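Chains as they are written, first to last, in my numbering: chain E, -19 to 286; chain F, 166 to 386; chain S, 2 to 658; chain H, 1447 to 1923.
No lab work stands behind these hints: they were computed from the structure. Errors might be hidden in some of the hints.
Pairwise CB distance ranges, derived in the manner of DEER restraints [to be verified]:
| hint | chain 1 | residue 1 | chain 2 | residue 2 | range |
| --- | --- | --- | --- | --- | --- |
| 1 | E | Lys30 | S | Thr36 | 26 to 34 Å |
| 2 | F | Val278 | S | Arg610 | 53 to 61 Å |
| 3 | S | Ser509 | E | Leu(-12) | 25 to 33 Å |
| 4 | H | Trp1847 | S | Ser509 | 47 to 55 Å |
| 5 | F | Arg371 | S | Gly605 | 57 to 65 Å |
| 6 | F | Phe262 | S | Arg108 | 54 to 62 Å |
Chain F stretches covered by chain S per the calculated footprint, using a threshold of three residues with CB under 8 Å from any CB of chain S [claimed, not checked]:
| hint | stretch |
| --- | --- |
| 7 | 303 to 313 |
| 8 | 377 to 385 |
As the structure is a computational prediction, the values presented were derived from the model and not from experiment. Ideal Cβ positions, reconstructed from N, Cα and C, are used throughout, including at glycine.
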Amino acid sequence: MADLLLHLALLLVVPPLLLGVIQKTKAWFAGRRGAPLLQPYFDLWKLLRKGAVYSRTTTWLFRAGPIVSLATALCAGLVLPLAAASSPLGFSGDVILFVGLLGLGRFFTMAAALDTGSSFEGMGASREAAFSAFAEPALLLCLAILCIPARSLSLGDALGALSSAPPGFSHPAYLAAALGLFAVLLAENSRIPVDDPTTHLELTMIHEGMVLDHGGPDLAFVLSGSAVKLFVVGALLVRVVLPPPAQSGLAGVGLLLVGQLGLAVGVGCVESMMARLRLPRVPQFLVGASVLAGIGLAALLYRGAP
Amino acid sequence: MTGYADFLLLVVLVIDLYIVATSRLASCVHASAFQGVALALLPLALWAPGYAGGVDPQVLHIALMSVGTLIVKALVIPQLVLRAIREANVRREVEPFVSLHLSVLIAALLVGVSFWMASVLVLPMPAPTTLLVPVAFATVLVGFLVLVSRKKAVTQVVGYLMLENGIFIFGQTLVRQIPFAVELGILLDLLVGVFVMGIAIHHISRAFDHIDTELLSALKD
Amino acid sequence: MVGTILFAIALLGLSALAAALLTRFDRASLTIGTTGSVIACVTGASGALASLVRRGSSALRGTWSLPLGEPHVAMDALSAFFLLCIFVVSGLAAVYASGYLPTYIGRRRLGPAVALFNLLVAAMAGLVIARDGILFLMNWEVMSFASFFLVTFENDREDVRRAGMSYLVASQFGVVFLFILFVLLGRSSGTYDFDRFAATGGLANACFLLAVVGFGSKAGFWPLHFWLPEAHPAAPSHVSALMSGVMIKLGIYGLLRTLTFLGPPAVWWSTVLLLLGAISGLAGIVHALAQRDLKRRLAYSSVENIGLIALGIGLGLLGQSRGNALVSFFGYSGALLHVLNHGLMKGLLFQGAGSVIHATGTRSLESLGGLYRKMPTTALSFLVGSVAISGLPPLNGFAGEWLIYVGAFHGAERLPTAGAVPALVALPVLALIGGLAAACFVATFGTVFLGLPRTEGVPRAHEAGLAMRSTMGIGSLLCVAIGLWPAGALRLVVPAVALVSEVPALASDATTPLFAISRAAFVLGLLVALLALLRRALLRGREVTQGVTWGCGYAAPDSRMQYTASSFVQPLLAPFAPITHVRVDEEGPSGYFPRDARYHEEIGDVGERFLVPGTRRVVHLLSQLRVIQQGRVQLYVVYIVATLVALLVFELMGAGK
Amino acid sequence: MLSLLVIVPAIFGVLALYSKDLRIDLVLLVGTALAHLLATAYLWTGESGPELDRLLELDVPGLLFLSITSVIFLSASLYTIPYILHGTHDKPAALQRFIPCLLWFLSAMTLVAVTQHLALMWAAVEGTTLASAPLVYFYRRRGALEATWKYLLVCSVGIALALLGTFFLGIAAAGSSVGASDLTLSGLSRAAPFMARPWLKAAFVLALVGYGTKMGLAPLHTWLPDTHSEAPSPVSALLSGALLNCAFLAILRFYQVCLASGDSQFARTLLIVLGMASLLLASAFMLSQRDYKRLFAYSSIENMGIMSVGMGLGGAASYGALLHAVNHSLCKAGLFFLAGNVLRSFGTTLARDVRGVLGRLPETGVLLLALFLAIGGVPPFGPFWSEFLIFQSALAGAHAWLGVLFVSLLGLAFLGMAGVLLPMLSGPGSIQERRSAESRLSVLPPLALASAALVMGLYIPSFLADALHRAAGMLGG
């Protein structure tokens, strides 16, 4: 029961901090002091206490969108083993449930966007649909790279097997998996090369475009949902790059947090240094990621499991 | 007696070639009538007394058959066809598909072919004359030639008659097997056949005011 | 047990006859037909369920005076499972029809439609319990023709007649292969009885290919599917729900039944099915995205789901041929569960589409929109159907696809490299198909039900009748039930899988994870409920107002500015442009004050590109033969003489002395 | 008894010729048809001995084809009543000699079925041609005249060859060591083993080409489409339903002699070759056919091809071929009656101008649909069984590709018919369309034939089944 509470605490408390770190890194790169590190928490607190304005064309689906996206993100988090070897909802075959939950969240966000009947939200939903369709194969192939050597379909065992392996990338396949996951992370959480979270020009938005009309608590749910998703996929990436030694308990958690912060700084650096890809190039970027993962798998199979 | 049979068969063969050569319809029909006469005499020449020893008990059968043939092939059918020609008041077979000279050459070739076929298909039982099979084949083949190469409906009927005559010659070899009633039936069929064709030609000439089968080709797919 | 099924078939036949006889009185024939089919479906479904749960199997053998075959019927696990699918979907479609058909009164006679519907269900049920080649073929043909006449129910429209013709060509093409298959099997085992059918070696390979083409043309595998997007939209909605829901699955049933005859599968069989499944899936969903017509999009999505089922069977064969029981169990069980799931989901979607078309009178996605307020029940059930068919977690679509995914994963892990590669290739394909399906169905749901109505015709829409709403409600409940409790659905599938893959049922490996999925679904539901309560609590004290959607300050937002079906899928289809045959007819704005601009995009399918020009060329070629019938008598006599001479020469010379 | 069957219709024909009142003619016609059917039914009960010193002799195949002819003739005569009383097609028609010719046609066909003397059989077949020629020229128009002329000439020339074949057979028998036997089937079969092979082969080829012309096998079929598109519907029904069978029976007689001679392989190959040619040609012509009566004519050619292939394959296929003879006659006669109804209501034989038959003529439409499915070989109807039997032997035989080609051509032909008939049935004829009243008698015969075809598909009566088996046994089954 203690693990569950720790797990939930991590999922609820830490994610906004990552956003703060990313913004602070970008500010440092730009030579600005930037907003305080806890700014996301203040935003959330402000939004939770505001009223809400709903468009006349919307139905209950518009209100359900943010709730479902946050719930699925949390549920995906519960499926993922953060610190301990096993996750609260883990089972053999939860890899597919993990991907499915992310898909469900996306489905309802897009439905909420279409509900408003605005062309900008439709544009965002259409782009999100296209890019996520190409991101799913990449994500699944990376997960396959993790599962096949561990001969098990549960994320817990797959990541657990990593920790028993020698540190660093014992096999090039894991490097491919890490890169693939990083690309998926950038695409899923609307970071720079795919989408710009801080843009104000609706025509260029993808993820932001879908949540234009949300305000008040709904916006808060949306923001925290995307933060949790960033945290969850980040945790997966960190567990691949820095596998914690077996039964490390709190030390594992510490290692995870350090890894997450490092990852946030990394994302901040990428955002500062790269410009956005042209929209038709994004599918090629994602197909590139899946091809990379595919090559990793081929290498894995060719030399046999390590 | 076989000499008479050979002579009659040669007459039939010559008439065949004559029908192919002539372009006047009336002379075609008259030639066909003469052929009928020759064929009527053939059974007598073939099976009359003196053949293979002893009087043949069926002399009555043979006599009756030759009389029947004479009446049908030499008298009734030519009259029918002549009546059809008169009503259609058409005189000559204008240019048929195959020019007359060429058709005579082809007829001669067909006679050659029929002699070759006779060598292949030898009569299994003793036959009174060796000429029977080749002349029969020749008449059949020339009948086909006339049927195919002429345009006028009447000439086609004459062609059909020659075809029947050729087959009739073959029938002579089976005098014993075919009872008289059946022989009569075959003759009757021929008679009624030509009668119906005559009526058809009469209607064609009234409906199309010509009897050229060239224009009788509206029905196509 | 097979007795109850025969009783159901008899009842269907009788009610069909009664409905046909009462053609003059539309209402009467409709009620008789519907009650007859509902009772029959309920008894049939309960019989099948009982047989599945009790794992019993019973057979009946009779004699008839006809020269071939014998009336031998039996019910084993595979038949029982498919019977369950048939009766559930047909029952729902029958009730739906009782609400949908009355709109045709005055335009078309209802008697034939109801009679043919019952006949079709009876033929399908008869097909599944037939255990004799001839009886099987008879039911197959009756099924094909009953469905053909149902497809051409509104045959006063030219496009419906053309669709009917393309369906007839496809079913005739398929039946030729089935005739050859059954005669080959019959010849090798001396009788047409299924129990004694067996084929090995070269004959087995030939029979496999014949079965794939013959049954594939009815199921809708890729090149053979050209009739499906024509026939299903042309049919009335309750018929397309039945055809898409269960009739094309009988192609799958036929394929599985043939596999049980052919003994241990060769290795390349699984590659063939995996390839067909992948192509059908991808091409199906890409073409579904490109459609502007609601029912055509659903028809293409059926092709995609048939592709998924074929992938499942391919994995099953892969496991069998490589001797890995786990992979074959997951492959087959995934395929069979997806048969049931797709039957329910697609039936639901077509019924939803039917009530939308019935209400608005148009099928084009470009002119619908904002129907949620006018048709809440239809919209809600369409939403459930869309989420399910996209294979997303809490609903039944996910359960089926989960099994296929696990089969592919196990294939990749446990099989030697040669076997692992096809399983590995299946993974990204499944993921891509899932992603595209989700995009397609959120687009469909969004453009039809959400946002603003795009044409003035839509506001006059009205909610569907009680009968239609109740069937959609039951359908949605079933989807949710299977989604929340997939382990129960697996219990129905396991006996059939054991029969097909001749492997001891490894139910335990599958049920525990499925219970975990139920638990995860429960946790998700809990989280959503908590957040909803939190949201209400937060907003209680606050001021909640209505406003206009944010239009970036544009003064006069118009409903035509919304994203339409074609604009939504444009970024999705761009990467697939090289493989899809796109015809664009556009006229851009020109001049300083452009007035009219036009953009119309048409995706040509294998039908238009190859088959229609192909058949036209063949017919033209054959019509060259007409020169034979020229009309001149002399020519005809020459034919006679020529034949005579030819045959004589052939006989006398050929045979030699 | 047998002689009565032949002579009575002839005599009634003469009576009808001289009776001025049309009603009496019709009564004579239907009366004769009924009497003929009753007599045939009586023949089914007991064995009847040969008559007229072996000129007339009835065996099982003969009885089979006699009963088909009798049933089809009765339905045609019933159909003729409304066909004539309600005023025929637009043109003035030769009523005077229609019914007498029908009766003579019946007696000629009966003679073909009843005799086993090959020369007499030839005379009977020639008799059928001569009796049916005036029937084809029923409407006074150019097309009918042209069709009659072609029918007369092509068939007479064809049958003349058959006579030559009969004589060749006689010569072969006379030449054999057994000595001259009369031209009856039993005599010839006794002499068969000792016949000279070339004469026997030439005889069979001549007979096959001769009677094949009359049967409508390709490429000798040229007269059939023209005749059917011009002849009145009851005559077309009789031609396709009964006459083609008689020609097929004539070929079977020669085939029996070949079987008796022990060297029947060449005959089988010929039958299969001509059968497949007919199938190919008929399917090709049906694909883009414009005239629905010609479409049914080509369907007859196709079905004759099926029967010839079936007989050529032997074994179970010959049983299938005979069964198909029964099935095809039932369906094709019904189809021609319905074509007559459609022609009378729509006034044109061009399929393009006919729409909404189901709306305007509901009974005819439903029956046309049922019989179209039946002739296409769809299961619940009879032809499915016979076609499947033949297909099964074709595929199981030495050349499997033959079976594949057979079933594909059947499918092609079915699609050809569907392409023409289905648009005719469907279309804008909705409920409000003026429903022209159809007389009882013009719908009863096709209804009876269609239900017979359905019964043949569900339950083959036992007496018919074992008669077919015995007949197939005699024909290499």
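Which numbered hints fail
Violated: hint 1 alone.
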